[in-house]
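Going down the list, the sequences are from chains A and B. The opening residue of the first sequence carries number 46 in the numbering used here; numbering runs sequentially from there. The opening residue of the second sequence carries number 251 in the numbering used here; numbering runs sequentially from there.
FYI, nobody ran anything at the bench for these hints, they're computed from the structure. Fair warning: there could be bad hints in the mix.
Said to hold, decoys possible - Partial pick of chain B residues on the chain A-facing surface, computed with a CB cut under 8 angstroms: (1) Asn474; (2) Pro478; (3) Ser497; (4) Thr499; (5) Glu671; (6) Pro675.
Note that the coordinates shown come from a computational prediction; the quantities given were computed from them, not determined experimentally. Yeah, the Cβ is synthetic: ideal placement off N, Cα and C, and Gly gets one too.
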Amino acid sequence: MRVERDKLLPYILVAPSIAYMAFFIGYPLLEGVRLAFVDEKGRFTLANIEYMLYSVHSKFWDALKFTTLLAGVVIPIEVAIAIALAMLLTYKFKGRDLAVYVVVLPLVISDVAAGLIWYSMLTGGGFLNKLLLNLGVISEPVIFFGREYLWREFVAVVLAEVWRSTAIVFVILFAGLQMISGELIEAAEVFGASPMQKLRHIILPLLKPSLQAALIIRTLFAFQVFGSVWILAGRDIPVLAGEAYYEQVELHHTGVAALYALVIACISLFLGFIYIKSFRAKYLEVGV
Amino acid sequence: MASKTLVGIAALVVVIILIAGVFLYMGRGATVVWASTQLNPAQEQAFVKEELLPPFTQETGIEVQFVAISYSDLATRLEAEMQAGKVTIDLIGDLHGGLDLFASKGWLEDLSKFGALEGRTFLPSLEKFSNIHGIKAYIPWMTATYVMVVNKKAFDYLPEGLTKDDVIKGTDKWTYDALLAWAKKLYEETGSPKLGFPAGPKGLFVRFLHGYLYPAFTGAQVKNFNSPEAVQMWEYLRELWKYVHPSSTTWDAMADPLLREEVWIAWDHTARIKDAIVQKPDQFVVVPVPKGPKGRAFILVVAGLAIPKNAPNADAAWKLIDYLTRPEVQVKVLEKVGFFPTVKEATGAIPSGPLKIMSEGVATQLGAPDALVAMIPSLGPKGGDFKQIYLTAFEQIVLNNQDPAAVLPDLAQQLMNLFKEVGAPLPPPDA
């Protein structure tokens, strides 16, 4: 009897979370599949997939391209900046706490607000143009936005995204860095390791679990990117979540919108799987 | 004994409440149920319930229940009530397209039987459209349109042969070719494009395509979608787009770009340029749109008031129509929610200021002798697909520089199928 209770206990303990997930994630997911593949009369349909992939009105391929491109450009930049900042801020100096707060500040700003801030900075009469005009660098305002200047728009989006969400990568890496024992680094110094060697052989390997967490979170966010792109570039730069919104709100194509959501979910699951597989840190196994 | 007294008291209380309830119910007078697809945002509903209707109830003793409803819900509910023979809606407030459809199904009362509304003259173009399917289907209630706004600085760069007066009054010289020449001159002499459109994902630029350019060049919104005139129109737009501010593809409303002076000439819905005029009334003029080869085409948004057949309180509903079309009430609606009056007397009663500037531009456009009025078709949820067809054509022809002759045939087919599928009539000026 006692043994059976012990066997059951874990299941009882996870039951509430399972119920929660089933209701708030499982059910909407199934409903999404139903919306995407079942028409109004209750029949199975591929019309939504055909529309999404082949219709002249659909921007699926562009959206997939730009979402991936944006993730591919933004995430490495953010990780590099976040590691540099985190290492810088592990040194104790006066005003360090304040500096940490300032770096983390953009975290509290929503993506739409971040988009608006950068829009007003870069727009024709905005801060950057006024500065350059007054310095005499340019004679006419630089136009950053518009389909004609797609790549400038892309740069604006990258700036806004990096500014806004480097903070979340930083917070995770900063915490991870605090946990690395100073003794290991001291030991490396005793053996005469150069700063690059310390980074390569001590810090980065020990930072792996934090890096994994940061990358998973940041990549999942990258595939949901919407607000800042929508504000800065409209549909000049289509992204998956933006297309889902447009199909639903402007075109009333609920099935297609659900399909976009499913595509985002599948990509996220796949990437999460890859990260977890490839980051299985060796030292963890040794340490246990 | 005590329990018997308690039961007695309880019974007495129940009886008193019942009697009071019945008494209050009988004494409250008629309640008009007003189902409206307009004025639905929370702020506008608050205006209707707290400011617009109380004076009416005070004056007539008629209570009004304002029901904010979407077009598709209204259509479904009305159909069900008509089939069941039990109508509960007394008054409908909806756009022309919806009322047109309801009238075609014979669901609306012929309002001519109520006589005339005294002391008000409805704008002739609006009056004309409200007489449909052999009846006076609705009373024009509110109107809106899309106009051009000009920063006064732009008048220093007018092209040869075009005067400020031509533009403001909308003379024969104020044409799309003149607009092109003006935009070109502005671009060349100021160094940057000064003409702008709300072509962002939530902007209303699509209305300019189907309700302004298409009718002005081809005489119709839908019918001539793929025609030699349409090809000419797209070629014109491609030329014009060279002098249009490139950021247009990210703008949803023109008030901000106008205020930031990124553009000096803009086209947009009256509600979406209002902020600019209110903030700098001395800087801007509202002018009618240019004319094309087939006329001065523009979209007229008309909301009308109609009474369904067998409405339980038709006479009370008529009194509400009478109240809502009074000049002073119409001016109040303009001030609070930005819809323009439908009666001439109200236009004269607008106090001077930003609203006057706007209503003058709107009145000039509506009253233009070469006016070619376009209406937004009533396609329900398929309205999105309708818009997307024009937007895809724009993207492929103007932004991606594809040949119109290659792009238009397929899209024209889709457009026709859309109307067939929904069973909706082609909108004016096509029909």
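Each hint tested on the structure:
1. Asn474: violated (20 angstroms)
2. Pro478: violated (22 angstroms)
3. Ser497: Check passed: Cβ of Ser497(B) comes within 4 angstroms of chain A, closer than 8 angstroms.
4. Thr499: Hint holds; Thr499(B) Cβ to chain A Cβ min 4 angstroms, cut 8 angstroms.
5. Glu671: Nearest chain A Cβ about 13 angstroms off; hint violated.
6. Pro675: violated (21 angstroms)
Going down the numbered hints, you'll see the structure goes against 1, 2, 5 and 6, while the others check out.
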